[in-house]
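Protein chains in written order, with our numbering: chain A, 1 to 350; chain B, 1 to 263.
Just so you know, the hints here were simulated from the structure itself, not pulled from any lab data.
Positions of the beta carbon are idealized from the N, C-alpha and C atoms, including for glycine.
Be a bit skeptical, because a hint or two may be false.
[Unchecked claim] Just a few of them, taken from the derived set where beta-carbon distance is under 7 Å, the chain A residues facing chain B: (1) E83; (2) V86; (3) P90; (4) N113; (5) G114; (6) F242; (7) E251; (8) S255; (9) T271; (10) G275.
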Amino acid sequence: MAYRLSLSRMDELLEKMRESYTIYAPMRFEKRGRYSDTDLVRYDKIRSVRDIVYDEKSHFSPKEVIHPITQTLFHFTEFEYRESVVDERPVLVFVRPCDIHGIMRLDTMFLENGEAVDPYYERLRDKVKFVLMECGKGWDTCFCVSMGTNRTEDYSLAVRFAGEELLLEVKDPSFSPYFASEKEAEFRPEFVSANRLSVRVPEIKSRDVLEKVHTLPMWDSYDTRCLSCGACTAACISCSCFTTSDVAYSENGRSGDRRRVWASCLHKGFTEMAGGHGFRKTPGERMRFRTLHKVYDFRARFGGADMCVGCGRCTDRCPQLISFAATVNRLSGEVDRLNAEAAAATGVSV
Amino acid sequence: MTANIFKPDPYRIADIVHETELEYTFKVEAGVKVDHGQFFQISLPEIGEAPISVSGIGRDWLEFTIRKVGKVTHRLFSLRRGDRLFMRGPYGNSFPLDEFRGKDLVVIAGGTGVSPVRSLLKHYFDHFDEIRSLHFIAGFKDRDSILFADDLKDFAAKFDAIYTLDKEAIPGFQSGLVTEHIKKIPFAGFADYNVVIVGPPAMMRYAALECLKNGVSKEKIWMSFERKMSCAVGKCGHCKIDETYVCLEGPVFNYTKAEQLLD
Chain A
1 MAYRLSLSRM DELLEKMRES YTIYAPMRFE KRGRYSDTDL VRYDKIRSVR
51 DIVYDEKSHF SPKEVIHPIT QTLFHFTEFE YRESVVDERP VLVFVRPCDI
101 HGIMRLDTMF LENGEAVDPY YERLRDKVKF VLMECGKGWD TCFCVSMGTN
151 RTEDYSLAVR FAGEELLLEV KDPSFSPYFA SEKEAEFRPE FVSANRLSVR
201 VPEIKSRDVL EKVHTLPMWD SYDTRCLSCG ACTAACISCS CFTTSDVAYS
251 ENGRSGDRRR VWASCLHKGF TEMAGGHGFR KTPGERMRFR TLHKVYDFRA
301 RFGGADMCVG CGRCTDRCPQ LISFAATVNR LSGEVDRLNA EAAAATGVSV
Chain B
1 MTANIFKPDP YRIADIVHET ELEYTFKVEA GVKVDHGQFF QISLPEIGEA
51 PISVSGIGRD WLEFTIRKVG KVTHRLFSLR RGDRLFMRGP YGNSFPLDEF
101 RGKDLVVIAG GTGVSPVRSL LKHYFDHFDE IRSLHFIAGF KDRDSILFAD
151 DLKDFAAKFD AIYTLDKEAI PGFQSGLVTE HIKKIPFAGF ADYNVVIVGP
201 PAMMRYAALE CLKNGVSKEK IWMSFERKMS CAVGKCGHCK IDETYVCLEG
251 PVFNYTKAEQ LLD
């Protein structure tokens, strides 16, 4: 079923929904952007549909709703580690199609990798339902079509904003009662079918080619360009890495919180062990690690889709204007050459 | 809700042995089934958790040999006998004892790399009939960094042992890196054998290359990797190399796999 609603009417219904749900959507934080006089668009709890920034791409992804930047795991004393508690209420999040695919990548890591389910991810993830926001034409750093993440059917509600009105599809019947007395309309969300950018994922055909990919001179070019700041991984919907650390409340350190905080493989200390020994010492090596994880390793481990969903937020956030789309395309060009060389060496045509 | 895999449990410290000025062995009362080569996440209050390999396995106790590295582990080193520490585990795979059975075994360890093989060596010290022979090369930087001095003496009485210090020779210890002593191992005389190499990354790489030079085939070599980890259960991402997670598929790898793990 689909409905046409005025924004004011939607706000009345939203008010009712907020009795049962915590509702997150991309919101504008004026003058909180990275540069002077710029705004920040990131996820937070909304009170009105007018809070939702639907006509821009959010700077940060909705992953922080399920995988918070900082999350308390335990409260500790000298004698015990007591598990932290979260709000029991279900969560409704306004997201893009690529973000829904991105959260499926997080699901793979937190719920499937290894034998164990991550209880902190699961307890938030189980409560989440999606409101799909149409993207219109998309944005100039998007490459969802190339990554196959431009479409999804995995949502409870879908919305198209149209001035003072909105069109809403109700797919999850548990939401139908809210809209029982509303005017029905014809609406199905439309998906982006072409991006300005097109990205070709590398097809690494052999172990030998993979080894050569590791030592490509192209990675060296990032040694001076990449600042190892990790802005890309913080904006990324599918980056899931974290570091656990303890924070003491008291001077004697005998009580405090054990927290986990987002970590970045671009940071120099990501692999550094106690004593100072680390791996991947150059920005170029770390860029190679991130790139291959996004468009090769994840697929090699789990099969199916690549980790990168083509949201382009990493490109948007890079202070050095490194385009991830360009990086992947450059890599694919190099891989084509290496595949051809390998084929020529063995006398097999490509 | 799913059981909390991150929850550490308290264990009583039964004893603390000062191996060197910087390395203490913590003996913890724990009746947990552990295989040789596995590790635990030990909680360091105010710091978080760190993966520490098991250096000794008893019926109702475990030992962990921990290096005091700057301020990070200072709290742990202020603990006394009778205090509690928190940990969870065991994690990771282990050395393939079934594969080693009835064959000759060579163990090459450098520095703190002796810790993860110590329980394995003690096992074969007590069950020497499980293997045909054991050659053990242990290398340390200098006389002040020798670990498990008493164990080394015991091992030398039963195993073919070569102990070496990087730059000096003292009674019981020759001089030179472990790699310089590998050629003394009578690989050609073995019917079938395995080689375990554990130590700093560079030492493991060069020791493996030296083994290959001496005719050892790759599939006979086993290594144990050390990586930064926050979770030990395949979630935090720190120990990932290519599509491999050291905490899940390791820390013990056959060299045919280990040589393909490109950081």
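Verification of the supplied hints:
no.	hint	result
1	E83	6 Å, holds
2	V86	11 Å, violated
3	P90	15 Å, violated
4	N113	4 Å, holds
5	G114	3 Å, holds
6	F242	5 Å, holds
7	E251	11 Å, violated
8	S255	9 Å, violated
9	T271	5 Å, holds
10	G275	4 Å, holds
Hint violations for this structure: numbers 2, 3, 7, 8, all remaining hints satisfied.
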